[in-house]
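*Asks:* Given next are the chains, with one letter for each unit.
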Amino acid sequence: MRTAASPKSRREKKPWSSRSIGSRWQHRFFYSLIRFAGRRAAYALLFLVVLYYVLFRPSARNRSRPYLLRRFPGRNPVARLWDSYRISLEAGKVLVDRAVLGILGPGRFAFDHTGREELLKLAREGRGLILVTAHVGCWQVAMANLGMLRTPINLVIHREEGDVDLLYFEHGRDAAPYRIIDPAGPLGGALEMLHVLKHGEVLCIMGDRAMGSDRSTVAVDFLGGVVQFPFTPYQLASATGAPAAVIFPYKSGAGSYALQVAKVIRVPVNLGRTPGAYRPYADQFVRALEDFVEAHPYQFFNFFDVWR
Amino acid sequence: MTTTEKLKNILVEDLNLEELTPGDIDDDAPLFGEGLGLDSLDAVELVVIVQKHFGIEIRNMDEGRTAFQSIRSLAAYIDERLPVR
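Taken in order, these protein sequences are the chains called P and Y.
Mapping of the first sequence onto the numbering used here: position 296 corresponds to residue 287, and the numbering continues sequentially without gaps.
Quick note, the numbering used here runs 2 ahead of the 1-based positions in the second sequence.
Careful, some of the hints might be misleading.
With a straight-line Cα cutoff of 25 Å, these simulated DMTMM-like cross-link-like pairs (lysine to aspartate or glutamate) come out [to be verified]:
no., chain 1, residue 1, chain 2, residue 2
1, P, K189, Y, D41
2, P, K189, Y, D16
3, P, K189, Y, D26
4, P, K254, P, D274
5, Y, K54, Y, E82
In silico negatives: residues of chain P with every beta carbon more than 10 Å from chain Y [unchecked claim]:
no., residue
6, A70
7, R141
8, A253
9, R264
10, F292
Keep in mind that the hints were calculated from the coordinates and are not lab data.
Since the structure is predicted, the reported quantities are computational estimates derived from the model, not experimental observations.
Just so it is clear, CB atoms sit at the ideal spot from N, CA and C, and this is done for glycine as well.
Full structure from sequences and hints, please.
*Replies:* Put into C-alpha cells, the structure is as follows:
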C-alpha cells in the first residue's frame, strides 16, 4: 500500500496567495466612496493610494517585478517604477470596477461582446464548454455578461481566509450569476467539474494558476522562462469532449470592457493521465496569453514569481 | 473474474500504478488520499475508466463520491448498474 507521504499523494504548498493587500476597513472605505461619490472619485483616491504603495512599500512593488522584468527587459530604474505604478493602478481600477459592478450595477459599463457568436456556437454543441481564462482584466465583469449563453455558469475559484475583497454580487445588489466550485473541496472539485460539463453547462477555470498539486501542471515556456501551467482544463476537455475556449476579458476604456475569444482548443478524447500528453494544449493557451500581454502589458495581474 | 478483480487490474494498468500489483490493493482501502494515494486528477480518469471498461457513465456527483470511497464500493456501484447476464 502507498502511504500518505508517497510522492503521488503529497500536496505542495502553493507559492501564491489570494489574500488582499489592503485591510477590511480600507476596502469598506472604497465601497462607501463608490456608493456615495461614484467610480471617478474612487479612481482619484486610488491614484494616491497606488502612488504611496509604489513609492513607500517596496514589498508591494516587488510583487510585480518578476513579470515586468520579463515583459519590459532592459528598462532603467525610473521606467521600472513607472511600469510598477501602471500595473498596480490598472489592478486597482479593476478592483474598483468590480465593486462598482456590485454596488451600482452592470449598466455602468459598456461591454463589447466580441466573440459572442463563437461562444454561442460552442455552447450549442451540447458537450459543455470550458472557458479558460487568466488573471487578466476583470473576469467578474465577463461573468456578469455571460448570461447570453443561456446555460448555467460554473466558476472554479478558491478563496482564502484573509481575502476581504468582495465578489461583485456579494455587495447584495444582484444574485450570484454563477455557481462556485472550490478546488479545495472533495477530490479537488473534479467530480463537480465533470458533472457540470456532462450536463452541457459552462465551466470557467483559470489556465495560468495551478490550484491543486504540482502533478497537475506541465512546464511551458512563457516570456522566455519555464513556468508550470495547469493542465486540468485540457484533461477535462479530453474526458468530456468539451471544447475549451481561451477568453480574456479586458478593460478597453475608462468605462468599458471587452471579451476576447483568443483561441478555441480541441483536445482529443481519452488522452489519459500523463501530463506530457496535455503540454501541446497548455502551450496553445500560453501562446494566446503571450499575445495578450504583448497587447495589454498592464492588464496581466501576476503578482508573484512564477518563473522561480 | 469478479468486478473487484477486474477493477484492480484496470486501475494498475490504466493509472500506471507502477509500485503496485492488483494483489496489493485492499478492497476497503480508500482510493484517494491515504490508501491507494489517488488524487483529484485521478478522479477524472476514474470516471473515464468506468465508462470505457464497463459502459457506465457516472453523471451524478453525489453517487460518484460514494462510489469512489474504495474498490469495494466502486465495484458495488458498477455491479448494480451492469445489465443482468
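*Asks:* Now, for every hint given, state plainly whether the structure supports it.
*Replies:* Against the structure, the hints come out as follows:
For the proposed pair P:K189 and Y:D41, the alpha carbon gap of about 21 Å is at most 25 Å, so the pair holds. With a C-alpha separation of about 22 Å, the suggested pair P:K189 and Y:D16 falls inside the 25 Å cut-off, and the hint holds. With a CA separation close to 33 Å, the supplied pair P:K189 and Y:D26 exceeds the 25 Å bound. Between P:K254 and P:D274 the CA atoms are separated by roughly 12 Å; this keeps the pair inside 25 Å, and the hint holds.
About 17 Å separates the Cα atoms of Y:K54 and Y:E82, which keeps this hinted pair within 25 Å; it holds. Distance check on P:A70: its Cβ is at least 42 Å (rounded) from any Cβ of chain Y, clearing the 10 Å threshold; non-interface status holds. No Cβ of chain Y comes within 10 Å of the Cβ of P:R141; the nearest lies about 21 Å off, and the non-interface call holds. Non-interface call for P:A253 relative to chain Y: holds, since the shortest CB-CB distance, roughly 25 Å, exceeds 10 Å.
Some Cβ of chain Y comes within 10 Å of the Cβ of P:R264; the nearest lies about 5 Å off, and the non-interface call is violated. With a minimum CB-CB distance of about 26 Å to chain Y, P:F292 clears the 10 Å threshold, and the non-interface call stands.
In this structure, the earlier hints numbered 3, 9 are contradicted, and the remaining ones agree with it.
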